[in-house]
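Participant: The task is simple: from the sequences and hints, build the whole structure.
Number of protein chains: 2
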Amino acid sequence: MRIQVNKDRLLYHLLIAQKALSSKTPNPALQGIKIDVEGKSLAITTSNSDISIKVLMEGNGLDVEKEGSVLVPGKYFIEIVRRLDGQMVSLTEGEDNLLRIEADHSDITLNLLDLEDYPNIVFKKQSGVVEVNVRTLKTIIRQTAFATSTIENRPILTGVNFTIDGEQLTGIATDSYGLSQKKIQLENTYDPMNVIIPGKSLEELMKILENNQENVRIHFDQNRVLFEYDNVLFLSRLLEGNYPETGKLIPEEYPVQIKFNKEQLITAIERASLLSSRDGKNAIVKLDVRQDNVVEISSNSPEIGRVLEEVHPVDEIVGSPLKIAFSSKYLLEALRVFNSSEVIVKFTGEIRPFVITGEYDEDMLQLVLPVKTD
Amino acid sequence: MRIQVNKDRLLYHLLIAQKALSSKTPNPALQGIKIDVEGKSLAITTSNSDISIKVLMEGNGLDVEKEGSVLVPGKYFIEIVRRLDGQMVSLTEGEDNLLRIEADHSDITLNLLDLEDYPNIVFKKQSGVVEVNVRTLKTIIRQTAFATSTIENRPILTGVNFTIDGEQLTGIATDSYGLSQKKIQLENTYDPMNVIIPGKSLEELMKILENNQENVRIHFDQNRVLFEYDNVLFLSRLLEGNYPETGKLIPEEYPVQIKFNKEQLITAIERASLLSSRDGKNAIVKLDVRQDNVVEISSNSPEIGRVLEEVHPVDEIVGSPLKIAFSSKYLLEALRVFNSSEVIVKFTGEIRPFVITGEYDEDMLQLVLPVKTD
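First to last, the protein sequences are chains G and V.
Everything in the first sequence is counted per our numbering, starting at 16 for the first residue and increasing by one.
Everything in the second sequence is counted per our numbering, starting at 16 for the first residue and increasing by one.
It is possible that part of the hints are untrue.
No distinction is drawn between identical chains; accordingly, a pair holds when it is met within one copy or between any pair of copies.
[As the list claims (entries may be wrong)] Distance condition first, Cα-Cα at most 25 Å in a straight line; then the derived BS3-like pairs of lysine-lysine:
1. K90 <-> K344
2. K277 <-> K22
3. K296 <-> K90
4. K344 <-> K296
5. K39 <-> K296
6. K90 <-> K301
7. K153 <-> K198
These are calculated hints, taken from the structure and not from any lab test.
Just so it is clear, the structure is predicted and the values come from calculations on it, not from any experiment.
Facilitator: Below is the structure:
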């Protein structure tokens with residue numbers, strides 16, 4: 016292998032691939048970045064136990080003198096390219112499994128890893144793909160992935176459940192404190208589909224997706240999903256098992272409804288969370304709908320002190336007085352994913368889950384489970 | 016105690032005092048912030064084992080209704096004030112050792128700490144003070160404190176040695192890899208003085224000093240130093256013992272002298288540091304002055320690879336070829352404190368310390384000790 020390549024473009028593509036680079040791995044080959052030069056293109060491949068990424072670079076800024084494949088030590092290679100001076104960098108595979116990196120007045124030699132140890136990663140495209148606009152995909156990930164569980168004792172809850180029914184794509188995530196559900200309309204009708212994608216994989220994918228109008232082509236396989244976007248292939252494993260039936264958690268009627276300014280509600284809950292009793296790591300906050308159209312948010316920690324916040328809803332409260340307690344962390348995270356500046360909080364009863372919706376957050380609902388207090 | 020106070024001004028002063036707030040301390044009273052209201056002023060005091068801070072607030076934005084002193088739980092009080100809405104906050108000492116905090120629609124009650132447990136901290140001003148311009152003081156701290164040792168086995172080296180001789184103030188710091196020395200001219204003549212101030216105290220002081228033209232009044236005591244600046248009193252303990260005699264470390268003649276572009280030298284050493292053998296945590300880099308007016312910076316790590324950088328000095332090299340090896344971390348830190356864009360590196364011999372100076376860094380020198388290699 017021998018190429019001349021634009022340093023900034025190379026670094027840009029390496030930083031995308033870095034998202035799947037293993038730092039701690041039982042297989043040292045996965046600490047490497049695989050570079051394949053073929054024809055007039057350069058492919059960069061990385062992989063860890065959850066995701067694999069392949070980025071293709073071709074056209075301007077790449078001059079191939081000799082084809083070939085090498086496995087470079089990932090962390091060192093990225094740090095070197097990041098710090099090189101000059102516009103172009105020359106990469107030459109030498110004898111004794113060495114890579115020579117030349118740029119400006121720098122002459123660097125890296126010991127290569129053994130290409131034979133690298134697993135064969137198949138980025139296989141399927142015939143039946145689902146196409147989604149990048150922005151739509153980013154929205155559904157942002158509004159659901161935060162709600163996945165980070166506790167490993169029910170692995171299935173660490174993923175987002177995606178289902179397709181005709182033209183409708185639904186994403187659902189839940190831990191034991193809340194649930195998030197977002198539906199989007201696709202532009203075509205597809206066969207039914209039901210998979211669970213790890214939340215962490217989706218968060219890494221988010222970092223790669225830019226804010227543009229392109230489409231992402233999603234290829235579903237038995238136990239893997241491949242996202243095809245621009246010049247990037249992003250492969251994630253799927254979680255195995257049946258996702259719990261969440262439909263019956265969502266109440267059908269809401270006798271009490273309150274419209275809040277979202278920022279006012281967030282800051283009141285944040286202050287109450289500062290001094291509050293704890294359910295494990297979670298701050299417990301109380302909400303009290305008063306007769307006089309004021310909502311009290313309060314907390315009490317006997318050793319430290321207590322907080323009492325009065326929040327004035329945007330409109331007249333619908334329904335009768337009610338008291339409820341909940342973990343503030345989930346509610347705060349849920350409120351922050353709304354695009355609407357006003358949110359409607361809907362209650363069924365004091366020991367029933369409550370739901371938040373927003374006018375400018377179509378087909379999205381956040382559900383919060385109450386906690387029992389004395 | 017009962018006051019109305021501007022929230023933003025209160026927070027500004029709390030954040031200065033926070034620099035001396037203890038988080039982990041065997042004395043729980045030191046997790047508190049002492050607030051004293053007397054006449055028309057409010058004093059905020061904090062202390063840990065190394066430094067104590069007292070900030071005075073008076074004038075606009077403070078309305079005293081009742082004098083008094085309280086000891087508030089520091090971390091909680093700052094977080095609450097930071098998150099309050101509204102312009103003014105009301106602080107009222109209640110019965111049962113409680114503080115009531117009211118602002119906008121928030122009504123918060125904090126359990127106070129016991130004022131009797133708080134140590135009596137004396138911010139005593141001395142008659143003979145040294146006056147230094149803020150910018151000058153910041154310069155001498157920035158150019159020396161980084162060079163203190165962080166290893167506790169020779170505690171005296173964790174401090175900066177300040178001496179006054181007539182109109183001259185000298186700061187010296189050294190660990191086992193390098194030495195920094197900066198001299199400044201004072202505006203008056205003072206009695207001789209020789210103290211060692213902990214590097215960490217100076218770094219906290221730096222965070223408080225702003226970039227203005229005011230003077231700092233420095234009060235030296237037997238085992239403490241008090242910096243008086245604007246409305247802030249900053250007290251630090253001194254280190255006890257005799258600072259080592261460093262004068263004889265600095266060579267008197269430099270047969271080899273090379274002028275470098277500082278940024279070019281830094282980036283070459285940074286790249287060489289990426290792949291280098293280690294002396295403990297320190298990357299060892301070699302410098303080779305060649306016959307052809309080029310300087311080679313190189314490193315070699317048998318497992319990973321090697322780096323060879325060619326640096327072209329700004330002027331013709333003075334003196335004959337020479338090879339030297341050193342810990343790159345110290346040299347990089349030293350180069351970064353120069354204001355000059357060109358630096359002169361001066362060598363006495365292959366196993367002698369070398370020195371760096373800069374045209375726009377008057378009376379400052381950085382000395383680097385070589386390391387032995389095979």
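Participant: Compare the structure with each hint and give your call.
Facilitator: Hints, verified against the model:
In the homo-oligomer, the alpha carbons of K90 and K344 lie at most 25 Å apart only across protomers (20 Å), although the nearest pairing inside one protomer, at 35 Å, exceeds that limit. Taking identical chains as interchangeable, the C-alpha atoms of K277 and K22 lie at most 25 Å apart only when they sit on different chains, with a minimum of 23 Å there against 45 Å within one chain. In this homomeric assembly, K296 and K90 come within 25 Å of each other (Cα to Cα) only across copies, at 18 Å, whereas the closest approach inside a single copy is 35 Å. With identical chains, the CA atoms of K344 and K296 are at most 25 Å apart within one copy only, with a shortest distance of 9 Å there and 40 Å across copies.
Taking identical chains as interchangeable, the C-alpha atoms of K39 and K296 lie at most 25 Å apart only when they sit on different chains, with a minimum of 20 Å there against 28 Å within one chain. For a Cα distance limit of 25 Å, the shortest separation of K90 from K301 across copies, 23 Å, qualifies, whereas the shortest one inside one copy, 48 Å, does not. With identical chains, the CA atoms of K153 and K198 are at most 25 Å apart within one copy only, with a shortest distance of 13 Å there and 57 Å across copies.
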